[in-house]
Amino acid sequence: MSPIQIQFFLYLNSHTKRQRRISHLAEEFGLTQATVSDAVKALMKKGLLLKMRSQEDGRIATLELTPSGRRLVVRLLGWQSALQEQIKKFPPETKEVVMIFLMEVIAQLQKAGIISIVRMCITCGFFRRDAYPGAERPHHCELTDRPIANSELRIDCHRHKPKLNEVE
Numbered sequence: 049m050s051p052i053q054i055q056f057f058l059y060l061n062s063h064t065k066r067q068r069r070i071s072h073l074a075e076e077f078g079l080t081q082a083t084v085s086d087a088v089k090a091l092m093k094k095g096l097l098l099k100m101r102s103q104e105d106g107r108i109a110t111l112e113l114t115p116s117g118r119r120l121v122v123r124l125l126g127w128q129s130a131l132q133e134q135i136k137k138f139p140p141e142t143k144e145v146v147m148i149f150l151m152e153v154i155a156q157l158q159k160a161g162i163i164s165i166v167r168m169c170i171t172c173g174f175f176r177r178d179a180y181p182g183a184e185r186p187h188h189c190e191l192t193d194r195p196i197a198n199s200e201l202r203i204d205c206h207r208h209k210p211k212l213n214e215v216e
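Residue numbers (our numbering): 49 to 216.
Calculated from the structure, these hints are not laboratory results.
Misleading hints may appear alongside valid ones.
To be verified - Within a straight-line C-alpha distance of at most 20 Å, the following computed EDC-like cross-link-like pairs (lysine to aspartate or glutamate) qualify: (1) 209 - 184; (2) 89 - 76; (3) 159 - 105; (4) 65 - 105; (5) 211 - 178; (6) 143 - 133; (7) 65 - 104; (8) 99 - 133; (9) 143 - 184; (10) 209 - 75.
Let the sequences and hints guide you as you build the complete structure.
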């Protein structure tokens with residue numbers, strides 16, 4: 049499998065039916081629908097994916113993992129378990145610092161036009177960084193109207209609203 053096919057599999061396994069469409073995959077991964085269609089056709093030929101037509105609207109097709117595809121996802125996710133076990137060994141403070149650093153790098157890559165889709169708290173119009181300096185939950189989400197701790201920052205929020213100006 050190619051790296052993008054692996055990413056598609058992991059994405060399809062963890063997202064809603066509405067998000068498992070070719071158009072959504074193309075948008076999510078910054079690819080053309082033709083590129084996604086080619087990758088999907090290859091996965092269908094391997095018996096790993098099915099394209100299910102909507103009964104209400106035959107133009108809409110949702111991608112579903114076959115039983116073979118689900119078994120493959122379990123194997124692909126195996127590396128995550130090993131990584132998570134190693135990460136558990138670090139103190140929460142270290143993990144927070146690394147997470148925020150990586151989020152800042154991703155935000156800068158988006159700002160530079162290298163990454164197209166980012167739905168992190170720190171790039172959201174609802175996010176207020178350090179609204180409560182020194183507090184256990186120093187940030188604030190205007191959408192949920194609640195304080196947020198560093199450990200609660202999201203990397204992929206479906207309610208994300210891009211900031212109108214630059215990333216903080």
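Do the hints match the structure? See the list:
1. 209 - 184: It is violated: about 25 Å lies between the C-alpha atoms, which goes past 20 Å.
2. 89 - 76: 18 Å, holds
3. 159 - 105: 38 Å, violated
4. 65 - 105: 14 Å, holds
5. 211 - 178: Distance of about 16 Å is within 20 Å: holds.
6. 143 - 133: Distance of about 13 Å is within 20 Å: holds.
7. 65 - 104: With a Cα-Cα distance of about 14 Å, the restraint between residue 65 and residue 104 holds, given a limit of 20 Å.
8. 99 - 133: Answer violated: residue 99 to residue 133 is near 35 Å, above 20 Å.
9. 143 - 184: 16 Å, holds
10. 209 - 75: Holds. Residue 209 to residue 75 sits at ~16 Å (cutoff 20 Å).
This entry does not satisfy hints 1, 3, 8, going by the numbered hints stated previously.
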